[in-house]
Amino acid sequence: MNTKTKKLINFTGKRKIAMIFSAILMIASIGSLIVNGLNLGVDFTGGTVIEVGYKEAADVDKIRESLTAANFDASVQHFGTAKDVLIRIAPHEGEDRAKIGDAVFAILKSTNADVELRRVEFVGPQIGDELRDDGGTAMLLALAGILIYVTLRFEFRFSVGAIVALIHDVVITVGIFSITRIEFDLTILAAILAIIGYSLNDTIVVFDRVRENFLKLRKATAEESINTSINQTLSRTIVTSLTTLLVLTALFYFGGKIIHGFSLAMIIGVIVGTYSSIFVASSSLLMMGITREALLPPEKEADDQEELPDMP
Amino acid sequence: MNRYPMWKYIIIIVVMLGGLILALPNIYPSQPAVQVTSSSPDFPLDASVLQQIKDTLTENGIAVEDTQSIDNSKALIRFDSPDTQLAAADAIKTSLGSKYNTALNLAPATPNWLRSLKPMNLGLDLRGGVHFLMEVDMKSAIDKSLTRHSEEFRTFLREKKISYLGVKRVADDLIIQFKTAELRDQARREIRGEYRNEIDFEDEETAKGAALKATLTQNNINNTKRFALQQNITTLRKRVNELGVSEPIIQQQGLERIVVQLPGVQDPSVAKEILGTTATLEFRLVDEGNDPYSAQASGRIPVGDKLFVERNGNPILLKSRVMLTGDYITDASSGFDQRDQRPSVTIVLDGKGAKLFAKSTGANVQKLMGVVFIEHKTVVTKQDDGTFTKNTKVSREVINVARIQEQLSKRFQITGLDTPQEAYNLALLLRAGALAAPVYIVEERTIGPSLGADNISAGFKSVIIGFVLVLIFMAFYYRVFGLVANLALTLNLVLIVAALSMLQATLTLPGIAGIVLTVGMAVDANVLIYERIKEELRNGLTPQAAIQSGYEKAFSTIADANITTLIAAIVLYGMGTGPIKGFAITLAIGIVSSMFTAIMGTRSVINLIYGGKKRLKKLHI
Numbered sequence: 001m002n003t004k005t006k007k008l009i010n011f012t013g014k015r016k017i018a019m020i021f022s023a024i025l026m027i028a029s030i031g032s033l034i035v036n037g038l039n040l041g042v043d044f045t046g047g048t049v050i051e052v053g054y055k056e057a058a059d060v061d062k063i064r065e066s067l068t069a070a071n072f073d074a075s076v077q078h079f080g081t082a083k084d085v086l087i088r089i090a091p092h093e094g095e096d097r098a099k100i101g102d103a104v105f106a107i108l109k110s111t112n113a114d115v116e117l118r119r120v121e122f123v124g125p126q127i128g129d130e131l132r133d134d135g136g137t138a139m140l141l142a143l144a145g146i147l148i149y150v151t152l153r154f155e156f157r158f159s160v161g162a163i164v165a166l167i168h169d170v171v172i173t174v175g176i177f178s179i180t181r182i183e184f185d186l187t188i189l190a191a192i193l194a195i196i197g198y199s200l201n202d203t204i205v206v207f208d209r210v211r212e213n214f215l216k217l218r219k220a221t222a223e224e225s226i227n228t229s230i231n232q233t234l235s236r237t238i239v240t241s242l243t244t245l246l247v248l249t250a251l252f253y254f255g256g257k258i259i260h261g262f263s264l265a266m267i268i269g270v271i272v273g274t275y276s277s278i279f280v281a282s283s284s285l286l287m288m289g290i291t292r293e294a295l296l297p298p299e300k301e302a303d304d305q306e307e308l309p310d311m312p
Numbered sequence: 001m002n003r004y005p006m007w008k009y010i011i012i013i014v015v016m017l018g019g020l021i022l023a024l025p026n027i028y029p030s031q032p033a034v035q036v037t038s039s040s041p042d043f044p045l046d047a048s049v050l051q052q053i054k055d056t057l058t059e060n061g062i063a064v065e066d067t068q069s070i071d072n073s074k075a076l077i078r079f080d081s082p083d084t085q086l087a088a089a090d091a092i093k094t095s096l097g098s099k100y101n102t103a104l105n106l107a108p109a110t111p112n113w114l115r116s117l118k119p120m121n122l123g124l125d126l127r128g129g130v131h132f133l134m135e136v137d138m139k140s141a142i143d144k145s146l147t148r149h150s151e152e153f154r155t156f157l158r159e160k161k162i163s164y165l166g167v168k169r170v171a172d173d174l175i176i177q178f179k180t181a182e183l184r185d186q187a188r189r190e191i192r193g194e195y196r197n198e199i200d201f202e203d204e205e206t207a208k209g210a211a212l213k214a215t216l217t218q219n220n221i222n223n224t225k226r227f228a229l230q231q232n233i234t235t236l237r238k239r240v241n242e243l244g245v246s247e248p249i250i251q252q253q254g255l256e257r258i259v260v261q262l263p264g265v266q267d268p269s270v271a272k273e274i275l276g277t278t279a280t281l282e283f284r285l286v287d288e289g290n291d292p293y294s295a296q297a298s299g300r301i302p303v304g305d306k307l308f309v310e311r312n313g314n315p316i317l318l319k320s321r322v323m324l325t326g327d328y329i330t331d332a333s334s335g336f337d338q339r340d341q342r343p344s345v346t347i348v349l350d351g352k353g354a355k356l357f358a359k360s361t362g363a364n365v366q367k368l369m370g371v372v373f374i375e376h377k378t379v380v381t382k383q384d385d386g387t388f389t390k391n392t393k394v395s396r397e398v399i400n401v402a403r404i405q406e407q408l409s410k411r412f413q414i415t416g417l418d419t420p421q422e423a424y425n426l427a428l429l430l431r432a433g434a435l436a437a438p439v440y441i442v443e444e445r446t447i448g449p450s451l452g453a454d455n456i457s458a459g460f461k462s463v464i465i466g467f468v469l470v471l472i473f474m475a476f477y478y479r480v481f482g483l484v485a486n487l488a489l490t491l492n493l494v495l496i497v498a499a500l501s502m503l504q505a506t507l508t509l510p511g512i513a514g515i516v517l518t519v520g521m522a523v524d525a526n527v528l529i530y531e532r533i534k535e536e537l538r539n540g541l542t543p544q545a546a547i548q549s550g551y552e553k554a555f556s557t558i559a560d561a562n563i564t565t566l567i568a569a570i571v572l573y574g575m576g577t578g579p580i581k582g583f584a585i586t587l588a589i590g591i592v593s594s595m596f597t598a599i600m601g602t603r604s605v606i607n608l609i610y611g612g613k614k615r616l617k618k619l620h621i
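Chains as they are written, first to last, in full-length UniProt numbering: chain D, 1 to 312; chain S, 1 to 621.
Looking at chain S on its own, in the form it has when it is part of the complex (with noise of 0.2 angstroms):
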C-alpha cells in the first residue's frame, strides 16, 4: 500500500509553512526611507533623538509613514515618494548635524509583524552601485614598518649608550653597522631579547667593519600584512559610513584584498577619491630666514630645510624636523571661522599629541607654522615579464601657513581652505585616519540604476515565463501526476527563495539565471520517476506496485546524478568571485530543496490520491 505515516505529512507540512513564512517578506515593495545612524557609541540613536528626527519633520511640514529604531543605534524613517525622502534626509542632516550619518535607503514594507524577517539580499547588479575590490599596498607596510624599526634600533642603542655608525636599509633588511666587533657583541646581546620572535639579527662583516643584519621574522611580516589589512578595513568602514551609503559591504577577501560594495551610489568618481586615496598631514615651521625662491632656482636648500610648494604654486621653506604628524589626529570637523567665516577645519588631537604639540608650539610662539597635506597615490605598472611593480606616489603640498598665535594643544584648527566643500573633504581624510598602507582599486563594478531595475525586471520576468512554460509542459505530459509534480516545482521556488531569505545570501543576476536552471532541472528527479512508473507499468506491474517501485528505483539515479551536480556547484562556490558564488549558492540550494519536494513532496501527494485505493485500475500519467 503506498501510505505515509502521519510524521512524514507533519514534516512536510512544517518545512512547506515555514518556507512560506521565511519567503513572505520577499513579496514587498521597497519604500523610500531614510536611514540615521550614530557616528559613534557615545552618540546613542534613543527615543529622544527619534522624538528630535520626528519633531524637525513635522517643522517642516513633512509626511513620515513610519519611524523604526534598531539597537538604539539605527532608525529607519519610511516615506511615501523619493521627493519627500530627500526632502527629509536634508532636514534630518540640519538638524542632528555630525554626531548622527543620514542616508538614502530602501526599505522594504512589510508589515510590523513581520519585521524580524528580512526579504532576500539584492546584489548590486539588481539594484545599481558601485563595487570595488581594492588591494593593499603590502610593500609599502612592510616599508613602514622597517623604516619605524630603524628608528626605534637608533633609539635604543643610543639609550644603552652604544655607539654605531648608522642603520641603513638593504634591500629587506637592516644593517646596523659598528665600529668594532666588541661594539656590536655588545649590542647583538642587548637587542635580541628586546625583539625576540620580531626580527632575526645575524652578524655580518662588511668594509666598514663589523655590522648586525636584522630581518623581519616571516611571523612579524604576517602580522604586519594582517595589521595593514585590518586597519584599511576598519578605516575604509568608517569612510564609506561618512559618504552617507546605507548597507555598504566591506569585506575581506583573500589575504590583500577588500571587497567594498556602496549599493545606491550612483556616481563612482566621488566615490573612488574618498576611499582611494590617503592622507595624512605634517605640521613643520616655516625657514623664515632664507628665500624660497633663490632655493628653487639654484637647487641649494638651505641645511634642515626643506623645499614645498603652496596651493598656489609658490615655492616655500619649512624646517625638516616635524613638529607633528596626523597619526596623533583623534578626530577633524569641517566648519567656518568665527572671525572671518572662512572655511575651517577643526582638529583634536589625543594625549600624546597633545603633550608634543604643546611643547612644540610653546617654544615657537609668533613664528610661522606650515601645515603640509600628504597624499599616497598607488601606482602600478606591469612589466615586460608580466610582473607587476607598485609604487607609491607622494604628492606634498603646502595648504595653510599660519603664524602661530598662542601655545597649541588638544584643540585647534586649521584655516586657508577655498571652499566649504574642500574643508569637509580634508576634515573627512583626516577623520578617517592615516592609513598603514595605500590601497587602490584593481577592480571595479558599477550598475546604473536603471539597469539594476532593468535587469530584476528581465530576470522576473524569465523567471515567471521558464517557470509557467514547464509548469503547462508537465501537466499535459503527465497529467495528474504532472499537477502534482508543479505543486512540488512551485513549493521548491518558494523553498529557495526562503532559503536565500534565511541565509541573507545576496541574489545576483547569476543568481537568477541559477533559479531558472534549477527549475528546468528540477522536474527532471520527477521525471525520472515517472518515466520509471511507467516502464514498470509496461512490465506488467499493478498500478500500485508501479507507482512504488519507480520511486524506489528511480532513487539511486536521482541521489547520483544531484550529488554530481552538486560537486559541480561547490567547486563554483569554492572559486570565490562574487557573480559565480551567487550562481553556485542558487544552484546548490535548489538541488537540495529539489531533491525533498520532487520526492518527498510528490510521493506525500500522489499517495493521498491513489494510496487509498484497493481496486486502483489506471493511473493518469
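Extracted from the complex, chain D is given alone in its bound form (with noise of 0.2 angstroms):
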C-alpha cells in the first residue's frame, strides 16, 4: 500500500494515440456538421408539434392522408409506442398559425374519436431564431466566464488547456447527434451546457494535482508531474462517471420519452468528458510547455532581500 510500488499507466506516453484519435472524431463531427447539419427540433425552426395518443395501435398512414387532405404539410410517426403518434408541421405563413395544433387535432378527432391531446408546441419563427443566438451567446459566456475563473486560479495555459478539452467534448457531442440524426431540441442545449459544466470539473479535478505535484515533486519533469497527477486522481475521475452514469441511465431508461435525449447528450458528454480530462487536458498543457516554474510563487524581487536571515 505505498505509492512507490503503485504502478503508474504512462498515460502522458500515449498522448500521440489519443491526439490522433481525438482528431479524427473532431474531424468526423465538424464534418458531419458541416455537411449534414443538425437535426434541429421544433424549439429552434418554429413551427408545430403535436403528440396524441390513441387507445390502440394507431395507424400512421391514414392519419397523413387524412392531414395531406386537409391541406397540412405534416410528417408523422409513431413515438415511443405504437399508440402515440408525433406529429410535425413545418412554420407556416399566415394568420392562423398559432392555430394550427388546434385545427389539427379537431382533423384527428373526426377520424377517430378515441384520440387525446398530449402535447402541443407551437413556436414563432422570431422565437426559434432568438433562441438560436441565446444558445450561442450562453455557451461563449459559459466559457468566458470560465476562462477567467481558471486564469485567475491557476494560470492561462491551464484556462487554455481546460477551454481545449470543453471544446472537444461539446464538438464530439454535438457531433454524434449530427451523425445520428437525433433530433437537437431545448433539453439538449441544456444538457450540452451541463456537460461544460462537468466536463470543466473533472478537467479542474486533475490540474488542481497538477498544480500541487508541480509545487511538490521538485525533481519530476512536467511530463512526470502531470502523469503522475492523472494517475492518482484515476480512481476518482473513473468512480464519479460511474456514478454519474448510474444516475444518467436511470434518466434514460425511465425518464420518459420527453428526457431521452437529455439524458442521452449527457452520457455521451459524461463519456467523451471522462477521456478528455485524462487524455486531451493534461497533454495540452504540454504541448503548449507548461513547466514547473510557470506556477511556482513569483519571485522576490531583489536577490539580497532573500540573503536575509528568517529570523530576527
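Just so you know, the hints here were simulated from the structure itself, not pulled from any lab data. A hint or two may mislead.
No farther apart than 20 angstroms at their CA atoms in a straight line, the calculated lysine to aspartate or glutamate pairs in the EDC-like style are these [said to hold, decoys possible]:
| id | chain 1 | residue 1 | chain 2 | residue 2 |
| --- | --- | --- | --- | --- |
| 1 | D | 99 | S | 71 |
| 2 | S | 553 | D | 212 |
| 3 | D | 216 | S | 536 |
| 4 | S | 93 | S | 59 |
| 5 | D | 7 | S | 535 |
| 6 | S | 54 | S | 66 |
| 7 | D | 55 | S | 454 |
| 8 | D | 216 | S | 552 |
Here are some of the chain S residues that sit facing chain D, going by a computed Cβ distance under 10 angstroms [said to hold, decoys possible]:
| id | residue |
| --- | --- |
| 9 | 71 |
| 10 | 73 |
| 11 | 441 |
Some, not all, of what chain S presents toward chain D, calculated at C-beta under 7 angstroms [what the hints assert, rightly or not]:
| id | residue |
| --- | --- |
| 12 | 471 |
| 13 | 567 |
| 14 | 568 |
For each residue, glycine too, the CB sits at the ideal point set by N, CA and C.
Work from the hints to combine the two standalone chains into their complex.
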C-alpha cells in the first residue's frame, strides 16, 4: 500500500495516439456538422409539434392521408409506442398559425374519436431564431466566465487547456447528434451546457493535482508530474463518472420520452468528458510547453532580500 | 484529533430539521378542491359568503372535507373525489353568481398545522396545462399614440385659434401644415410648452409652405410601450381570472412579451380565443335615408356614411360619426332580456361616457342605432430578407341594430345575440376592456393531463432508481464511509426539495433532470475526499491524520470544481427560457447544498464515529 509500489500507467506517453483518435473524432464531427448540419427541433426552427395518444395502435398512414387532404404539410410518425403519434408541421405563414395545433387535433378527432391530446408545441419563427442566438451567446458567456476563473486560480495555459478539453467534448457530443440525426432540441442544449460544467469539473480536479505536484515533486519533469497527477486522480475520475452514469442511465430508461435526448446527450458527454480529462486536457498543457516554474509563486523582487536571515 | 465544536453540530442539526420541515408538505398527495375568489375588492369573501357556500353544498347533498378562507379574498373547499368537486363547482357558481370566480383546483392535503408551508410548484409539464408566450404589437401602440396626438393637435390649434391646413402622418412623424411661416412660428411657441419632453417639434419647409414636424421622444415611446405592456398584463389577468383557472401565471418577459401559464386547462383553443383577440364596441347611428344595397353594389358611399356588414351578411349604412366607443365601458355582464328572454349584455359606462352617451342618444330618440363589434387580430408574415412584419387585421361587424327608445345613460342593454354563450363571450371581452395594443401568440406549449401524470411518475421513478443505485454503489465501494456519504446524499436531496419549496420555484421535468444530475455529482465531493484519505493512508499517515489531511487537501479541489459548475449554472439561468431555467435552479441549489452536506455533514458523522478513538488502527474505507 504505497505510492512507490503502485505502478503508474503512462498516460502522457500515449498522448500521440490519443491525439490522433481525438482528431479523427473532431474531424468527423465537424465534417458532419458542415455537411448534414443538425436535425434541429421545433424549439429552434419554429413550427408546430403535436403528440397524440390512441387507445389502440395507430395507423400512421391514415393519419397522414387525412392531414394531407386538409392541406397540411405534416410529418407523422410513431412516438415511443405504437399508440402514440407525433405530428410535425413545418413553420407556416399566415394569421392562424398559432391555431394549427387545434386544427390538426380537430381533424384527428373527427376521424377517430378515441384520440387524446398529449402535447402541443408551437414556436413562432422569431422565437426559434432568438433561441439559436441566445444559445450561442450562453455558450460563449459560459466559456468566458470559466476562462477568467481558471486563469485567476491557475495560469493562462491551464485555462486554454480546460477550454480545449471543453470544445473537444462539446464538438464531439454535438457531432454525434449530427451523425445520428437525433433531434436537437432545447433540452439537449441544456445538456450541452451541463456537459460544459461536468467536463470542466473533471478537468479542474486533474489540474488541481498537477498544480500541487508541480510544487511538491521538485525533481520530476513536467511530463512526469502530469502523469503522476492523472494516475493519482484516476480512481476518483472513474468512480465519479460511474455514479453519474448510473443516474443518467436511470434517467434514460425511466425518465420518459421527453427527457430521452437529454440523458443521451449527457451520457455521451460524460464518457467523452472523462476521456478528455485524462488524455486531452493535460496533453494540451504539455503541448503549450508548461513548466514547473510557471506555477511557482513569483520570485521576490531583489536577490539581496532573500539573503536576509529568516529569524530576527 | 478529529472533533467538531458543538456549534457546528448545532448548525447541522438546525439545517437538517429546517430542511425536513420545509420539505414535509411535499409528501402529502393533492386532493380535488374548488377555489373561489372574489372578482373585485367590492365583494370580500368573508365568513358570511363562506357560510353561504357551505349551506349551498349541504342543500345539494355534497360532502365537504374542509373549507379554508385566505385573506378574505379566496376560499378553498376540499372534496374527496373529482366527481363531487365538479358537482360542487357548479352548485357554487349558480349560488354566488358573477361576483365571485370559481375554479377547479388541486390542493395539497397537508394537515392544518403545516398549511403555512407550501410544497414545490409543479411546472406545466408535470401537471398539464397551457403555456403561451404572447408578444405585444408595439407598432400598433405607437400608431394609436400618433393618432391620438394628431387629434389633440387639431383641437389645440382650434382652441388657440391658429389656422392650419392639416395634420398628416409621414412615417413615424406627424406633419402639421400651415399657410405661412408666421402662423407656424406662433403655433410652435404655443404647442412646445404643452408637450415638453413628450414631443420634439422641428420646422420643415414643404411644397405647400411652412410646416411643423412632430416626433415622439424616445422617452415618450418607451413610456407608451411600457404602458401598452402593463395594460395588456392587467387585461390578460382579468380575462384569465374569468376563465376560471386556478393559480395562473401572467408575467412580463423582456420588454415586449408576456408569459401566460394556465395550469389544468385542457383545451388550448378556448383559451386562445379569449386571450388572443381584442375587441371593442362602437355605437353609431344608422343612415335610414339611403339604400345600403345600392351603395354596396355601386361602391358609392353617401357622404358622412360608412358601409358595414351585419351578422347575417346584409350591408348596412352607418354614420361615420361615432356616438361612443368601448373605452368608456366599465362593466358588462350577460343575461337575458326581461321582455323576450333572449340573450343580452348589460353595459355600464363611466361618468364621462354616460354624459356623452346621454347627450347623443337624447338628441336621437326614435332613431336606429347600430352596435359595431370590432375585433383586432395580428398577422405576422416573414419577408424574404428574414425580417418580420406585423399587420393588424381589423374585422368590423354590426352585431345589433335597435331603435333608441329613450335617452340612454350609465346603464343599458344590448340584445340581438344568438346564444347565451355568445352573450357571455361578448360580455367577457368587453369587461376585460379594450387593449391599447393587440397581442399575439408567438409560442405555445400544451401538455395534456395524462402526459403530465406520466412525466411526474417517470421523473419520480428515475430519481428514486438513480438515487438507490448510487447509494448501493457507495456502500459497497467505501463501506462505513460510503454509508456516511449516503446519509449526506439523502440530506442533500431533502435540502434541495426544501429549498425549492421555500423559494416556491417551479419544478419542471428538466428540473428533475437537474436533481438527478446533482445526485450523481454530489457524491463527487465525497469521492474526492475519500480517495484522498486512501492516498494519505498509503503514504503512511495514521488513520486520524489521514482523515484530517484528506478533508483538508480535497477542499480546494472541491471548491474549484463546484465554482466552475456554478458559473455554468448561472449562465444557464441568465439565458432565461423556462425549461432551462428550471434545470439551472436545481443544479445551482444542488451544488450549494452538496458542498454543505458532503463536506461539513460527512465530517461531523465521521468525527462522531472515529474522532474519539485514540488508538484507531484501521478505517473502513
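Now the hints, each set against the structure:
no.: 1; hint: D/99 / S/71; in the structure: 39 angstroms, violated
no.: 2; hint: S/553 / D/212; in the structure: 10 angstroms, holds
no.: 3; hint: D/216 / S/536; in the structure: 15 angstroms, holds
no.: 4; hint: S/93 / S/59; in the structure: 14 angstroms, holds
no.: 5; hint: D/7 / S/535; in the structure: 14 angstroms, holds
no.: 6; hint: S/54 / S/66; in the structure: 10 angstroms, holds
no.: 7; hint: D/55 / S/454; in the structure: 16 angstroms, holds
no.: 8; hint: D/216 / S/552; in the structure: 16 angstroms, holds
no.: 9; hint: 71; in the structure: 35 angstroms, violated
no.: 10; hint: 73; in the structure: 33 angstroms, violated
no.: 11; hint: 441; in the structure: 4 angstroms, holds
no.: 12; hint: 471; in the structure: 10 angstroms, violated
no.: 13; hint: 567; in the structure: 4 angstroms, holds
no.: 14; hint: 568; in the structure: 4 angstroms, holds
Violated hints, in rising order: 1, 9, 10 and 12; the structure is consistent with all others.
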